[in-house]
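Chains as they are written, first to last, in my numbering: chain L, 627 to 969; chain S, 627 to 969; chain Y, 627 to 969; chain H, 627 to 969.
Do not rely on the hints blindly, as some may be mistaken.
Since copy identity is lost for identical chains, a pair holds within one copy or between any two.
Computed list of lysine-lysine pairs in DSSO-like fashion (alpha-carbon distance at most 30 angstroms, straight line) [as the list claims (entries may be wrong)]:
#1 K767 to K734
#2 K746 to K882
#3 K653 to K906
#4 K897 to K834
#5 K692 to K854
#6 K882 to K854
What the hints contain is simulated information worked out from the structure, not anything from laboratory work. Bear in mind the structure is a predicted one, so any value in this text is a computation, not a measurement.
Each chain, written out:
4 protein chains.
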Amino acid sequence: MKTNMIRAGIVGLSGYTGLAVLEILLKHPQVRLTYISAHTTQGPVGEIWPQLAGRTDLTCEIFDVKKAIDQCEVIFLAVPHTSSIDITPPLLQAGKTVIDLSGDYRLKNAASYEKWYGHKHTDAKNLKSAVYGLPELYREKIKGAKLLSNPGCYPTAAILGILPTATSMTEEIASIIIDAKSGVSGAGKKTSPNLMFCEVNDNFKAYKVLTHQHSPEIESYLNQAAGKDLTLTFTAHLLPINKGILETIYIQLNKKTTAEKVHSLYSKFYKNEPFVRVRKLGAQPELKDVVDTNFCDLGIAVNEAGNLIIVTSVIDNLIKGAAGQAVQNFNIMNGFKETEGLL
Amino acid sequence: MKTNMIRAGIVGLSGYTGLAVLEILLKHPQVRLTYISAHTTQGPVGEIWPQLAGRTDLTCEIFDVKKAIDQCEVIFLAVPHTSSIDITPPLLQAGKTVIDLSGDYRLKNAASYEKWYGHKHTDAKNLKSAVYGLPELYREKIKGAKLLSNPGCYPTAAILGILPTATSMTEEIASIIIDAKSGVSGAGKKTSPNLMFCEVNDNFKAYKVLTHQHSPEIESYLNQAAGKDLTLTFTAHLLPINKGILETIYIQLNKKTTAEKVHSLYSKFYKNEPFVRVRKLGAQPELKDVVDTNFCDLGIAVNEAGNLIIVTSVIDNLIKGAAGQAVQNFNIMNGFKETEGLL
Amino acid sequence: MKTNMIRAGIVGLSGYTGLAVLEILLKHPQVRLTYISAHTTQGPVGEIWPQLAGRTDLTCEIFDVKKAIDQCEVIFLAVPHTSSIDITPPLLQAGKTVIDLSGDYRLKNAASYEKWYGHKHTDAKNLKSAVYGLPELYREKIKGAKLLSNPGCYPTAAILGILPTATSMTEEIASIIIDAKSGVSGAGKKTSPNLMFCEVNDNFKAYKVLTHQHSPEIESYLNQAAGKDLTLTFTAHLLPINKGILETIYIQLNKKTTAEKVHSLYSKFYKNEPFVRVRKLGAQPELKDVVDTNFCDLGIAVNEAGNLIIVTSVIDNLIKGAAGQAVQNFNIMNGFKETEGLL
Amino acid sequence: MKTNMIRAGIVGLSGYTGLAVLEILLKHPQVRLTYISAHTTQGPVGEIWPQLAGRTDLTCEIFDVKKAIDQCEVIFLAVPHTSSIDITPPLLQAGKTVIDLSGDYRLKNAASYEKWYGHKHTDAKNLKSAVYGLPELYREKIKGAKLLSNPGCYPTAAILGILPTATSMTEEIASIIIDAKSGVSGAGKKTSPNLMFCEVNDNFKAYKVLTHQHSPEIESYLNQAAGKDLTLTFTAHLLPINKGILETIYIQLNKKTTAEKVHSLYSKFYKNEPFVRVRKLGAQPELKDVVDTNFCDLGIAVNEAGNLIIVTSVIDNLIKGAAGQAVQNFNIMNGFKETEGLL
């Protein structure tokens, strides 16, 4: 039976994202994990991460491109930004499928990448062919992808919250404000003074105001979907919780609409999506409805006097905003049931 | 020496606000607390609230209007909305000064009060003469007030964040969005299923979207300051923390401006205010900078391409948003140093 | 295929425990959920609990004993203490299997039940035949149980932490102290003033000192395992978190031992247990290692100078301490793989 | 007026303790802060710590022993362990008074210091003359101290919880177990991977089991008070909160006693202490009763069947466990009212 399963590997187990991919794939009925590696920690998985003791015999190694090629058909890259650019080309050249969870292949414009990530992009060829893995937007393209660029967490919640409006009410949109709030795991597992417990607990703040690298990602994919340049402002805030993103999205229209119309638009748009749920009018999604799941839940309200749509969009930043969406893409790419391993 | 001190009373000790007034007044050098009462708890203060044991000999009683009149010159009302309307008239008639921390005398329009608070307003006379206690806006009026209506927590942060723009850039404002996030004590000390620990912890959500009773309060005082009707949208969210409000305020302009200009406007506007601090450009205020203090801290950013001002405003909802501001008003009304008991 | 699956029902969905059973059974490959009921909420599951929308078509009903009998082979009771006594007899009489997660059938002595739970026990017959569902202690008995009494959360962590010592070092034990700390969900989903967010957050306290109803449960099963009366003291504390129990257990001996000996004893004792993991000497288990899993992790230390064993025992109070253990028992009772649906 | 005030300095502002001393001294009516320094941050206080903007004009400098001597009469050392040994001698030699909040002068035995702190103690002379600043134990000695060694946070709560028993029931004590739980600020403001928000939040664990450096401190002062060697075991745990320590102390007796007797002993022992409050029988102290205050609250229970006293002791680790107690000592040393600046 095992011979039919996909042999998958994960590179970058030291971070929260890599570990989240591991947790999902361990239970995925179509996957045999054959290779895992991390830069900072090596050894039996159960000794490094006690929560996994007794659940797997895998051993975490230093990354070795040859081993990865030998042992896997699909490789999930959960490495820091800029590392994927180095690792991806040889894997693709060896005919492997790459699902990259870093930001390296998200911005199609190399100059934009350099501006927002502070590094030159040296893999123009693959940057062009990479498919942006938001199933609700690019499901067909994803089916044939060899290099899948998995969306950022903020962009996932933002684009799903805006997409129906951007595509169906394009000309009526005057401007969009995304007021985003994220749990701390969104910042990755880095040892930074301002991510220490006493600095974050009982606290709340905006950060990277007008300078967040997810801003151009949101903009470029929404502009493409809308077929025109939208006026977008994105503000990130740090919530004193581990997991979860809530974005309150204000879409300013230049003409009247009603709550019913907008709600109906969103409901129809996502009717067949397995992982997007639109709440009924008057209800608001909460983080706890989606944390530890691959769902994105949306709430709709309209300030009719002000021609203003208010969409609230919630996801688990590590699941639908990273590892879960990566597996959703993996399922699509392999012709599996899209919810396999995710429900 | 004690004879020069103001004899003050607090009505409504069962809630967070009343207790916060008590904590401040116990240390206020010009105040002698002579009367305290609560609806749900009576007895020696140190037995009801162990944290106050050994710090005061006061006894908490059932409210008795005659006793309050006999024993106090100034009465702080920290009772639930609609109770102040009953208690205030006899106190004023007896020549006492009333500082009301409820919402009962904030909305000058009785019809608006009925709409948003769900009760008829039966004290039109005092509603008219009540002074709205935001020192930064009405310091002169406050000096002579007999009935001081202390602002709501959300409105305090919102109005202070918008006031310089509303008064100096009035014609340039197209619309304003206030995305507000509050700690749980802002909801008062009520036993509600959705305020239980397990429901709030690790969670985050928007609530009362487009229906929050602080919305008309913000609107009416800003409209008055601006001299015109502004287009305002207010959204409240519940943070998994006890204390603190952060509001991210988006002021959409209809013409260009720069971050420097706006920052300079705010800095000058609040230059002499003892409790408003404007951060330098590029810096963002955090809740922990103001929690347990009477300060309101403001951060300024401008998305110049989008003609959008982003003001972040933080306060402690129980201090500058309630008890501290009440004492600041008390100081102004009595000619004391405005910071007395608050620094 | 579905015809081979066990038809199972859950009574008492309004609490945290019932919902946790539901979450596990929805993914259990051998179970078809055919009936769910709750006292306080009825309707489609996805409307009552938005997190379950799109994952099940079940409808929650008012409990009806006939329906439960008609539609299920096994019924999980997640009702409040004292309710199980009423519901269980007719279900057993109809030949159904009952897995009771309440405390009603845990204390074999009816007088003890009355003392600690404050109610007369009116089902002496079934009380006698009920099997206490701690697999590590009673696996063989569980196989044939018709009424399974699922252990309390504190007792699960305590008994697993003490069992090897109680059975193998019986005569050397002078006394045992269990210092237990639990997350808030352990208190159930009740709306109590002292479980409100602001009362629990940033706080910590001991509660029900020397009067906790889990104390006699721990005592009776350990005494039985030891074959003598142990001197036990149990103290509960409330952690400002949702899920998880850590118990620091001090076993005072009357003669010398070493850390290595005790560690070796525990390691051997639990060698074949799928859900108990003993950390290597020097390592300590943390809540995050077991939360959301059915594992109990144990840490061992010995103060050799004081003849004192220190065992730290951690579980998720809703999983190994309730719903997960119930399903583990269900698996044993039905001859399924013990880890089915739990890994 | 200012000429009568004590000129005080603080060395080591980068940590939580130094900042807590600063916060208290800023409001102390008998203190003029004349010098503050920190290793890692220099500049105007209001720019480094925004929460202090508008409250002081002080500038934080690199430590310069000459400046400290020139500008201060009393110097508070809030530096890391081992640094105080270098700084203290020249200050004392210049006739200054030193209040040391580090662990450097707490263990009278230099060998013990070396064992537990990992460094040789090079100031034997002052180690001998240093006075351990627990007012409830050494008030008279403190009055004449030139070098005051401020107690550790865990030892403060532990010794206060055990002292009445250790001195009045000495011969009846068989052994003592201290199960201690602390908020994260107790670990100091260091950037450590296991103190990051996501590692501590929603988590709980024991740490440094049997190896904590506060263990010998507790032991030596209690042994001295008891006049004999007690058998003590101390276990520390990390609470997911910023501030506060609760210790559950189990005092095993070798003969019977009653709750009333023990409660009466404690009540009398602390009757005149301004900062120790004994709860009435049946009540338990909570962290929130003492956080942000200099109080230590004690709860008493007795398991009469097991001859076991259970004392719960709570303090704010940064106040009574550090900065507040330092100022309490400062008040005693200077003949001020002991509660000055602390109530």
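Hint by hint, here is what the structure shows:
1. Only within a single protomer do K767 and K734 lie at most 30 angstroms apart by alpha-carbon distance; the minimum there is 15 angstroms, versus 59 angstroms between protomers.
2. With identical chains, the CA atoms of K746 and K882 are never at most 30 angstroms apart, being 45 angstroms at best within one copy and 33 angstroms at best between copies.
3. Taking identical chains as interchangeable, the C-alpha atoms of K653 and K906 lie at most 30 angstroms apart only when they sit on different chains, with a minimum of 27 angstroms there against 32 angstroms within one chain.
4. Taking the shortest Cα distances, K897 and K834 sit within 30 angstroms of each other only across copies (26 angstroms), while inside one copy they are farther apart (35 angstroms).
5. In this homomeric assembly, K692 and K854 never come within 30 angstroms of each other (Cα to Cα): the closest approach is 44 angstroms inside a single copy and 62 angstroms across copies.
6. Within a single copy, K882 and K854 get their C-alpha atoms as close as 21 angstroms, and across copies as close as 22 angstroms, so both meet the 30 angstroms cut-off.
Of the numbered hints stated above, those contradicted by the structure are hints 2 and 5, listed in ascending order.
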